[in-house]
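J.: Each chain is listed here by its residues.
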Amino acid sequence: MRDFNSAKEIFKDVIDTSFYFDSLSAEFAKKMIRDFIFQKNVPLMFMIGDPGVGKSYLLRLIEKEIKHKYLTVFLDNPFFDKKDFLELLYKAKGLNFDKDKNFNDLKNEIIREYKDIKHVIFIDEAQLLSEEQFELLRILSDTKVFKFVFTMHKEEGKEILKRKHIKSRDKSVIEINGLHKNEVLRYIQSSLISNSFMEIAQMFSKNHALKIARYSSGNFRVIKRFLYKLMVLLDFAKKNSLKRYEQINSTLLLMVAIDLGLTNE
Amino acid sequence: MNNMEFYELEKKAKRIQNKRLLKVIFILLVILVVCVYLLITFFLSKNETIEQSVPKPKSEKNVTIAKQEKNESKKFELVNEKKDFSLKKSENSLEKVSKEKVKMKDNKNNRKNDLKVQNNYDTIKLSPIIDTNLHENNKSQNRVKIPQNSVNIPEKKIEKTLNLTTKVLNTEESLLKRYKVSEDYDSAIALARLNFEKRNFPKTIFWAKKASKLIPNDDEAWILYAKAKFAQNKVDDAIKALSFYMKYYNSNKVEKLLLKYRSSK
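Chains A and B, in that order, give the protein sequences. Each residue of the first sequence is one higher than the one before, counting from 0 in numbering that gives the first Met the number 0. Each residue of the second sequence is one higher than the one before, counting from 0 in numbering that gives the first Met the number 0.
Simulated from the structure, these hints should not be mistaken for lab results. The beta-carbon is built from N, C-alpha and C at its ideal position, and this holds for glycine as well. Treat the hints with caution; some may be incorrect.
Looking from chain B toward chain A, a few residues come up when the C-beta cut is under 8 Å (computed) [to be verified]:
| id | residue |
| --- | --- |
| 1 | Phe5 |
| 2 | Leu8 |
| 3 | Lys11 |
| 4 | Ala12 |
| 5 | Asn17 |
| 6 | Leu20 |
Output of the computed footprint for chain B on chain A, the stretches with three or more beta carbons under 8 Å from beta carbons of chain B [stated by the list, open to error]:
| id | region |
| --- | --- |
| 7 | 95 to 108 |
| 8 | 253 to 259 |
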């Protein structure tokens, strides 16, 4: 039974770390982040990549993996006041935050508190941080107490890395790419099979996957949107008994590409 | 997804697919046209080069001797062992023949006109003739008058030949140019043939010698040389050249021509 309507739910644009696809790029990034966490003298790590290649997903995945060993702080909304950030660190450690204390006292206290704890602070979408916020993070990282992992969009990230106060710091930089065209079929099939849609998974051929890879340029988010829309169309064809669209074909893939604006023709 | 949406997408997709198909057909047509054009130009240029390098076939019909010989001909096999020997012999003979030419210059006999022309072309060493007693033999032997008919070139046919050869003046020029560049056997023998057709016997002798120097075992150069000599009423020279050739090589054509000349004596 091909339940396209249920299958489309797999491809909704939400971060679900319960399913990990071991793409080459992701595996490499994971290894780099692990190495960084174990390194003592490098306080900053930057993960850069195009939107939708899976940076946030990887960050979540790593956080989940090390959570039982390390104290982790995850910031997916970087718009914070200096004191708000310190408050977050206080709360993560289970300390009481006194708003009336001045900033320097709070800072010195938190440095003392985190000094002997294994911890990593993850900051997503760091390209949105202001100069002032970056300056605070730089000051904290210079103490060699805190470890930060940032994710940034590729273009903006490269510009930020060129800034003097970042450029001169010890840091690790990793660029994440999307799926290779040969990995797309494996990704589609493993996503479907892991959710018990074996029959639908078998509908995809290598040729279909290559076409999807071409339309999406290997971008995880686009692939998911593509597959979501494809399931919608297949579901429609099934419900309306359109025999020519019982199977995946190039017309159907092109229809999806047109709908998502992935073709210039 | 409603019907309208689906069919709209399908319509767009089909239109794009048709465009793509037309594009492919157009590209294939362009490739096909280019290929056909290249093939045509290739064959035309090939034909031109064949016409230039082989001016023989048309005029050959007019030269009775050549045609007769051609019809009878079979390619003879070269006796490998004799190759080097013949070359050495040829070289020895060349020096002697040049001496003979000096003597011939001194000898003011009735053949003044012939010699004048011949001297222009006999500046190279003679390859086919090796008989050291050529001069003495010439003296001792009575010259046999050869009836005009014995050179089997009917006047009418010769006229035709001349007409044809004037048409291929450019061919002679191009052959000369080619010979100057590459000094190859094909050009030399083609020039010998061309001059024989034009009844320019001194030039025929000149080019036959050139050709025989390049490939000594090829009978055509020797035959042309002998025929030219025969046409100049130098039957003995013709016979000596052919019998020398027959000492080292085997050729039906040469043998028959030799018999013919001997019988005409």
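J.: Evaluate each hint against the coordinates.
T.: Evaluated hints:
1. For Phe5/B, the interface hint holds, the least distance from its beta-carbon to any beta-carbon of chain A being 5 Å, beneath 8 Å.
2. Against a cut-off of 8 Å between C-beta atoms, the interface hint on Leu8/B holds, since the closest Cβ of chain A lies about 4 Å away.
3. Given the 8 Å rule on beta carbons, the hint for Lys11/B holds: about 5 Å separates it from the nearest Cβ of chain A.
4. Satisfaction of the interface hint for Ala12/B is found here, the shortest Cβ-Cβ separation to chain A being roughly 4 Å, below the 8 Å cut-off.
5. Checking Asn17/B against chain A by beta carbon gives a least distance of about 11 Å; that is not within 8 Å, so the hint is violated.
6. Because the smallest distance between the Cβ of Leu20/B and any Cβ of chain A comes to about 11 Å, over 8 Å, the interface hint for this residue is violated.
7. Figure legend: the region 95 to 108 of chain A, annotated as covered by chain B; annotation inconsistent (0 residues with Cβ-Cβ distances under 8 Å, at least 3 required).
8. With 4 residues bearing a CB less than 8 Å from a CB of chain B, the region 253 to 259 of chain A meets the requirement of three and the coverage assertion stands.
Against the hints set out earlier in the document, violations occur for numbers 5, 6, 7.
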